[in-house]
Amino acid sequence: MEDAFGRFVEVLAGCLDEPGVSGDELAARLHLSRSQFDRVVGAAAGEAPDRLRRRVLLERAAFKLRTTGTGVLDVAVEAGYSSHEAFTRAFGRAFGTAPAVWRGSAAGFLLAAPNDVHFYPPGGLRLPARRQVRSMNFVPGLIEHHVAVVGRLLDAAAQRDPALEAQLDKPIELSVLSIDVDPTVRSLLARLVGQLEMWTCAMANEPYDVTQERERTLEELREQLDRVGPAFVATVRRIDAEDRFDETFVDVTGGDPYVFTAAGMIAHILTYAAYRRTLVVGALAALGADVEDDPLAWFNPSP
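First residue of the sequence shown: 0, per numbering that gives the first Met the number 0; consecutive thereafter.
FYI, nobody ran anything at the bench for these hints, they're computed from the structure. Treat the hints with care, as some may be off.
Ranges of calculated distance between the beta carbons of each label pair, as one might list FRET restraints [to be verified]:
no. : residue 1 : residue 2 : range
1   : Pro170    : Glu291    : 35 to 43 angstroms
2   : Glu291    : Asp37     : 56 to 64 angstroms
3   : Ser32     : Val184    : 58 to 66 angstroms
4   : Ala296    : Gly95     : 47 to 55 angstroms
5   : Glu17     : Glu205    : 45 to 53 angstroms
6   : Val180    : Ala97     : 41 to 49 angstroms
Backbone N, C-alpha and C fix where the C-beta goes; we use that ideal spot for every residue, glycine too.
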């Protein structure tokens with residue numbers, strides 16, 4: 000049942016921009032009859048699938064009203080309503096006020112739900128953790144991932160033409176452009192700080208404009224880090240305290256639904272941040288500024 004519900008959420012995330020899709024079409028995409036679809040998904044969700052979909056579309060509509068200048072009628076059409084009046088009635092029942100009035104309020108856009116499945120900006124869905132994943136499980140998972148990747152690297156190196164094996168002993172001369180375009184110390188520092196704010200905003204269902212990272216002064220980056228650094232740490236501590244590392248997100252902004260968990264998100268941040276951080280440490284060392292970044296020292300007990 001949970002597998003069917005998980006597949007439904009992926010399908011739902013992928014068709015948020017198809018407000019006219021019917022319940023029969025959703026059932027067909029899950030290879031279920033309409034009666035099976037209503038029964039199985041409804042039992043797992045705690046609400047009818049059509050109702051869940053309408054609620055998520057209303058949450059997205061509320062988010063768009065709050066964060067964009069899109070007209071109410073356009074938002075209504077995107078949410079699957081054929082008229083301004085029908086949308087206003089549905090929105091009023093859900094949020095207690097008319098769309099135009101709500102747009103200027105400070106209220107959140109998430110509606111009460113028996114399954115805790117909600118719209119996840121800018122275009123996905125957010126699911127609650129299905130199982131408890133504690134930090135004591137998460138940390139070994141990071142190590143297991145590291146060991147697995149090292150194994151894949153060894154396998155990839157071993158698959159080379161034996162005649163070219165000597166290349167494995169040549170000094171590595173690779174561009175650092177594989178992750179960032181034209182990286183500089185300033186741009187990498189901006190991305191390191193911006194990444195923390197971007198994911199903190201994502202976990203709080205708030206928008207983030209990555210273009211604001213451009214042309215930041217070091218003083219502005221320091222002020223930003225002093226603000227978002229503790230906020231991100233608090234977010235991770237809250238996830239840890241509530242055993243929510245398995246909380247799941249379905250992102251469709253890149254096309255096909257992409258599913259990841261809070262644990263995966265944190266591991267992603269640490270992995271790519273470590274890469275960028277190491278580049279900056281090396282670049283600053285070349286400029287005569289040595290920065291200690293080895294976590295061995297960080298975790299050492301105080302003398």
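* Among all the numbered hints in the text so far, which are the ones the structure does not match? -> Hint check: 1 and 5 fail, others pass.
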